[in-house]
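S.K.: Each chain is listed here by its residues.
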Amino acid sequence: MRTINVNDVKAAVSHACIEMNYEIDPKVLAAFKRQRSLENSKLSVNILSDLIENAAIAETYKAPLCQDTGMIVAFVRLGQDVHFEGGSIENAIQEGIRIGYASGYLRKSVVEDPLIRLNTGDNTPGVIYYEMTEGECFEIEIAAKGFGSENMSKSMMLKPSDGEEGVVAFVLETVTKAGPNPCPPIIVGIGIGGTLDKAAQISKKALFRNLGEPHTAKHIADLEQLLLKRINELGIGPQGLGGLTTALAVHIEVFPTHIAGLPVVVNINCHASRHQKIVL
Amino acid sequence: MDKIKINTPLTESICRKLEAGTEVLITGTIYTARDAAHMRLLNLIQTGESLPFDLEGQIIYYAGPSPARPGEVIGACGPTTSYRMDDLTEPLLRLGLKGMIGKGQRSPNVIKQIQTHGAIYFTAIGGAGALIASRIIKSTPVAFSELGAEAILKLEVVDFPAIVTIDTHGQNLYDHHTKN
Ligand code: SF4
Numbered sequence: 001m002r003t004i005n006v007n008d009v010k011a012a013v014s015h016a017c018i019e020m021n022y023e024i025d026p027k028v029l030a031a032f033k034r035q036r037s038l039e040n041s042k043l044s045v046n047i048l049s050d051l052i053e054n055a056a057i058a059e060t061y062k063a064p065l066c067q068d069t070g071m072i073v074a075f076v077r078l079g080q081d082v083h084f085e086g087g088s089i090e091n092a093i094q095e096g097i098r099i100g101y102a103s104g105y106l107r108k109s110v111v112e113d114p115l116i117r118l119n120t121g122d123n124t125p126g127v128i129y130y131e132m133t134e135g136e137c138f139e140i141e142i143a144a145k146g147f148g149s150e151n152m153s154k155s156m157m158l159k160p161s162d163g164e165e166g167v168v169a170f171v172l173e174t175v176t177k178a179g180p181n182p183c184p185p186i187i188v189g190i191g192i193g194g195t196l197d198k199a200a201q202i203s204k205k206a207l208f209r210n211l212g213e214p215h216t217a218k219h220i221a222d223l224e225q226l227l228l229k230r231i232n233e234l235g236i237g238p239q240g241l242g243g244l245t246t247a248l249a250v251h252i253e254v255f256p257t258h259i260a261g262l263p264v265v266v267n268i269n270c271h272a273s274r275h276q277k278i279v280l
Numbered sequence: 001m002d003k004i005k006i007n008t009p010l011t012e013s014i015c016r017k018l019e020a021g022t023e024v025l026i027t028g029t030i031y032t033a034r035d036a037a038h039m040r041l042l043n044l045i046q047t048g049e050s051l052p053f054d055l056e057g058q059i060i061y062y063a064g065p066s067p068a069r070p071g072e073v074i075g076a077c078g079p080t081t082s083y084r085m086d087d088l089t090e091p092l093l094r095l096g097l098k099g100m101i102g103k104g105q106r107s108p109n110v111i112k113q114i115q116t117h118g119a120i121y122f123t124a125i126g127g128a129g130a131l132i133a134s135r136i137i138k139s140t141p142v143a144f145s146e147l148g149a150e151a152i153l154k155l156e157v158v159d160f161p162a163i164v165t166i167d168t169h170g171q172n173l174y175d176h177h178t179k180n
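Top to bottom, those sequences are chains F and E. Just so we're aligned: the first sequence equals residues 1 to 280 in the numbering used here. Just so we're aligned: the second sequence equals residues 1 to 180 in the numbering used here.
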């Protein structure tokens, strides 16, 4: 049995909220630089240069990369031999978000009731998923999700006979309809299988993977590569103003599903891909 | 083409010379307004009350910045998606608004009104909030401060980077590449 004080969780969460909003994912920065050398229009090159400069300014002046500092989504992996002291784990995570968003001068973008729409004023609650595992492990994967891109995400219950072709067509349709709105270059998270909700959950989880890291199953990794190529052939380009770089990566997660179904969810993330892994 | 420097306020003749695809650096005064502020402005227009600032020749920037740190002018301040303001735009163009800065497509009616009134739709880079903030030298609250990040701010900007996206000739940079 291992004991963790929830105050340590709180501190780690608030630190992560601030750091991920100020510091660009080094892999995204590397992808901007690589794509800039491939783009052939001056406008696309200039947009990628501006995004590179944006990251440098954010880090130097401790300003957020983007003013939409997102809604927090966290996946907690919790070993069954871990015991918490000092309060509830859920409250500690929410309190960590509250402290991080206040002390980091981050924008509070969460409304209490989706219809009445009063701002909660502290960016809580975050959306938190718990996954139980064996042993004494405790990890939180945490992200700040912007809504320009979240709003362009879509789900579809395909027929089993639609197969891979149906998945490809649905993903391309979703990215085309999104156009400039999710601030391309984007990262495309795709969940295939499970139930409607499971597909949505793993499409989000896919966005946490290290940028461009392939799926471990070869046929899924191949599908990721095929989709990335087809998406970039759409010509949407940086900011939707034309060019070769529409997506920086496609990440797919899969889950067993029912004989009668083929659920697919496409969760789009913008280039402001802010996520971190906390291990205590 | 190199980036063109332009100053505010804009006039119809300046706007009519700008072509979609041109990158510009804007210097002068611009005003922030997004969803909630637009609805307030439209209410004032409908009830015949005076607006918190004169729209003639002005540029509205669809943006809701993150909070400023003590001693800083403003927090991150990139554009928000423009389509949500589409149905709220025409009355402002009628009152002399000459420029809008946002990101993403506009409706056919906004594109038509831009031609009629000789205005310009610029886009700024979504997700470049820190870079854009570094080009803002002063920020003054003008109205609706109770709206928080959605309040109207008067911003003094120097070399604010934007792209002429929909021009007075009906050219739309977004269509341009999808046709190709
Ligand atoms: S979609 Fe992403 S980059 Fe664009 S404004 Fe929202 S958070 Fe920022």
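What the hints contain is simulated information worked out from the structure, not anything from laboratory work. Mixed in with the good hints, there may be bad ones.
[What the hints assert, rightly or not] Chain E side only, calculated, beta carbon under 7 Å to chain F, not exhaustive: (1) Gly75; (2) Gly126; (3) Gly170; (4) Leu173.
Source: prediction; values computed, not measured. All residues carry an ideal CB built from backbone N, CA and C; glycine is no exception.
S.K.: If a hint holds in the structure, say so; if it does not, say that too.
M.R.: Tested hints:
no. : hint   : result
1   : Gly75  : holds (6 Å)
2   : Gly126 : holds (3 Å)
3   : Gly170 : violated (17 Å)
4   : Leu173 : holds (6 Å)
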